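**Q** Here is how the chains run, residue by residue.
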Amino acid sequence: MQPPMGNERPPPPGRPVSAFVPGAAVPPPPFAAGGPFARPPQSGATAPPFGAAPPAAMGGFRGPPPSQGPFGAGPPPQGPFTTSAPPSQGPFASAPPSQGPFASAPPSQGPFATAPPSQSPFTSPPPSQGPFAAGPPPTSPFAATPAPFRPPPLSLAQPQSPTGGALPPPPTYARPPQTQGYYTGAPPANPQFPMSRPAFQQPVQTMPPPPMGPAATFGNQAAYAGPPVGGTLQSLVEDFQSLALSSAPGSLDPGVDVKGLPRPLDGDEEPVKLMEAYPLNCHPRYFRLTTHAIPASQSLVSRWHLPLGAVVHPLAESPDGEEVPVINFGSAGVIRCRRCRTYINPYATFADSGRKWRCNLCTLLNDVPGEYFCALDASGRRYDTDQRPELSKGTVEFVAPTEYMVRPPMPPSYFFLIDVSVSAVRSGLLEVVAKTIKSCLNELPGFPRTQIGFLTFDSTLHFHNFKSSLSQPQMMVVADLDDVFLPLPDDLLVNLVDSRHVVESFLDSLPNMFHDNVNVESALGPALKAAFMVMSQIGGKLLVFQSTLPSLGIGRLRLRGDDVRAYGTDKEHTLRVPEDPFYKQMAAEFTKNQIAVDIFSFSEKYSDIASLGSLAKYTGGQVYHYPSFQAPTHGDKLKLELNRDLTRETAWESVMRIRCGKGVRFTTYHGHFMLRSTDLLALPAVDSDKAFAMQLSLEETLMTTQTVYFQVALLYTSSSGERRIRVHTAAAPVVTDLSEMYRQADTGAIVSLLGRIAVENSLSDKLDSVRQQLQLKLVRSLKEYRNLYVVQHRIGGRLIFPESLRFLPLYILAICKSLALRGGYADVSLDERCAAGFSMMILPVNRLLNFIYPSLYRVDEVLTMEPNKIDASLKRLPLTFQCLDTGGLYLLDDGFTFLVWLGRMLPPELVNNILGLTLAHFPDLSKIQLRECDNELSRNFMKILRTLREKDPSYHQLCRVVRQGEQPREGYLLLSNLVEDQMAGTSSYVDWILQIHRQTQS
Amino acid sequence: MVKLTMIARVTDGLPLAEGLDDGRDQKDADFYKQQAKLLFKNLSKGHHEASRMSIETGPYYFHYIIEGRVCYLTMCDRSYPKKLAFQYLEDLKNEFERVNGNQIETAARPYAFIKFDTFIQKTKKLYLDTRTQRNLKKLNDELYEVHQIMTSNVQEVLGVGEKLDQVSEMSSRLTSDTRIYAHKAKDLNRQALIRKYAPVAIVIGVVLMLFWLKNKIW
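In order, the protein sequence lines correspond to chains S and P. According to the numbering used here, the first sequence is numbered sequentially starting from 1. According to the numbering used here, the second sequence is numbered sequentially starting from 1.
Please note that a few of the clues may not be correct.
As the list claims (entries may be wrong) - Each pair of labels, with its calculated beta carbon distance range: (1) P:101 with S:676: 36 to 46 angstroms; (2) P:173 with S:667: 53 to 63 angstroms; (3) P:188 with S:355: 43 to 53 angstroms; (4) S:331 with P:150: 52 to 62 angstroms; (5) P:137 with S:581: 53 to 63 angstroms.
Stated by the list, open to error - Non-contacting residues of chain S with respect to chain P, defined by C-beta distances greater than 10 angstroms in every case (computed): (6) 627; (7) 924; (8) 965.
Worth flagging that the hints you see were computed from the coordinates, not collected in a lab. A quick note: this is a predicted structure, and the numbers were derived from the prediction, not measured. Note that CB positions come from ideal geometry on N, CA and C, so glycine has one too.
Required output: the full structure, derived from the provided sequences and hints.
**A** This is the structure we're talking about:
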């Protein structure tokens, strides 16, 4: 309420000042556009003068000699200050310019009345102290101070922001909103007036009526002198957090409180607050912007060093009770904008007493079809708004009429391409696959239309005839790999209901059929071609089970993964891109015919996931990697993941497009899909386990609108054969202020996007430089942020970062240490690295965060509790070795595996109870399987695992057990996942923070 | 051999079901599908045709039957016996009515009964080979008066609508033109009348005026 009030009063005195210091009044472009007045919506026209004013005001202080610092309130200094005060003050206070800024302000200062105390530290004392008392390194006093979690020295601050409350008290200062525009106004000047500026900026800030008398001011000063940081930060309420860091780099004690560093122990924070501000937006689980504030100008974009974009999860599972409403427009047809084809949404406005509607994306006035007409009430709202979900909800589904169908909805079809060479037989793979598929037959989506087919291959292709009139499937072998042909015109892909018994008898006999197979070759390429021929009419899903390197026919691959010499050279990245263009061409063909490919890879040795995965990458598929698959240990994982893949609700034959308002444009897309035109993503199959990320760019140099709208539209065929359009609509404000962008930043989305960009960069660059780029981005953005705040608050020795991005440094460190980007040749096998990279490209935000920063729980303490209390008492721990107690039992969950770590001092009975065997007799823990044993502890333990698995059904976490000190397994499995610890060549969290801090300061 | 099978509602041309993987190894399938859709549209406009009809198009024939506001259409080779084709459609009709009969009117979305395609698929297979015992028997049956079914060309059928439209348009233009003509003629008549008698009337008027003035003055 206050800013508008101030904005309505553009103080005329502001202009003279700018004239008076012409040299200083060169507002850098971002500045002019940005300006301190963060919320221009109401003040439209008046904003620009304000934007210009502050720098001018800054300049005004150039003149006065530094001796004015102390602010003796003496008459001479007052002169310049009085004149220069109004411009900066204008927007906030109705303070009369004549008022002596340093005199005790009348308590009746309207705008500040709400938060007077927090202002106090900003009255005269601080500036006087900084340059003079503290001297050059204002940092030194901070070094002494323990860290952010120190109680505030003054109890003056009143954290008001909603964000402030959630955090440990002192570092987050809730600041009254009206002041923030004020502070942010100043910073851009900083680069322009480097060193000596701070002292003079302070006075400007103190201009706003000091609500306290001189006595009070001095009191504050005293307090300030003691723990300076707290005092300074008092009024920075809400905006940022800071960390005290030693100013003496290199000293043994880094001066950082390790425990005080921010850690995302609560996992992902969905920006649900936004739902309150924008209740018509779709839920953030479907669409998240990296910052919910679109920059108004190019210059602002260039100062926002983090990616600007969004993460879209179009089919995210919605909790019960929030099902997506389905709308059928019937004969009216789907209502869309004539020009930009936007679907009708809650942000569309109606005009001409309801006969027209204005598209919120392109502002075109469209006719409302007669069937859809409804009168408007006095406020221009349709009477039936609440009855129509498309006008009141951000997420809806439309039933698509015939125009949206190129062909009738195809039945869901599953085609299995199974490698039956010797390694697959030996590892027990065939048996698990056959059993799992058989158990899923009842649950395959799309009954009774579902189609199914199988093709097995080694050095030859084996087709199987499932004609419903047969009692046993017929196998036909095609040995000609150069010119693949289909031995039968149909009955290779059959209706499951009709041929159920044939399919079942095939699956029963599959393991035995190839039991004695000693063929080591694998003709994947020709098999893919054959599968394509079978499926090309209908499309559907192709599941490839590959257990060796493809060695025959077209698409054969070489062993190239174990080339140590390539690492660190310019050729390093070529190992991570597909070697043979065949796979990408094949993928393009598959997508064109609506076939999605899922790769299941089981090889012990190198199997070139990089090449195989590109099939999944361009067809909207997924890569599952089970290194050295052995049925007894990995069987469960494969079984449950294959089960999930086959039975989850899938959207077929889909295309997705994201429209956005004028001025912005989505430029790059990251995920598994094929780009059909510049902005149309072709997705042969898509489900709730896949998310997409995209980057945004500004098309115009200056945005004129106040809000930008986004609309995600996914046109798909459901398994039941309905053609639907799922539409998510969201709005985001346009801001002219960088600090607002920081405030609305969404760490989860940023990390997700950054991670995908990094993985993509690793396909064209060395791992090392990818990691450096990540670090550079982080440093640049924190530096920019620092420039916004640090100087006038003189917290030079501290690392400051926005509250919204407090976990970003740790997450970026975690990305650098993630399976896909970690280390070099020896740290991760090439296949695992590529598989992790493919996973990171599709994981939704929360699962990605859990993947790069796994959850660590101490389990032994909760095992003895009552079963129903266990869930609540499981606490996530920081990922550092210091948290591991040798007498404890820990569980690490990264979404793909469970790692059970047994401390050295753990009571043997406990171990025996849980593992069901004596540890001493079981030296090799890698083959161990956890089964529920008949005792309380084991039951509780398995219950914990079950609840954790239920949280994320998309993958089945394989449970692995490791003992403390059991090298090298411990190092590989656990220690490399302890992201906060120092590993070979990587820094620990503390070092990382120090490193970032040093770089932001330079 | 049956190439294409489509089922649509006659009232509005809404497609209800379609045979699966029709058009395999057939490059012009899309063209004929388009034609079939046009045909449905034509039917829905209410140019009511016979309830059974064969329409020749290129190397194929469309055969359709309309029953209970639903049109069952199939496309076959020219050589495929008409009798079998209609028998096939009859089979589809019976099953479709049995399964979905009461929902046909309420179906709101296209391909609402797409599940029917499995039945289409199965039935189609029975009719694939014309020389099976079963089909031969059917061929010999004289149950259906197939030879009475009209045959026409697709261009004609699709063109008929257009021509009719043209004729009605022309006739309506003719009526409106006549009306204008009549109006104009009346107008002209009036003008001619005025032109003819106006001078006389004016002269008489002047004379009368003079008389009147003379009376007044005198």
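**Q** Each hint: holds or not?
**A** Checked hints:
no. : hint                                 : result
1   : P:101 with S:676: 36 to 46 angstroms : holds, 41 angstroms
2   : P:173 with S:667: 53 to 63 angstroms : holds, 55 angstroms
3   : P:188 with S:355: 43 to 53 angstroms : holds, 44 angstroms
4   : S:331 with P:150: 52 to 62 angstroms : violated, 32 angstroms
5   : P:137 with S:581: 53 to 63 angstroms : holds, 56 angstroms
6   : 627                                  : holds, 39 angstroms
7   : 924                                  : holds, 52 angstroms
8   : 965                                  : holds, 61 angstroms
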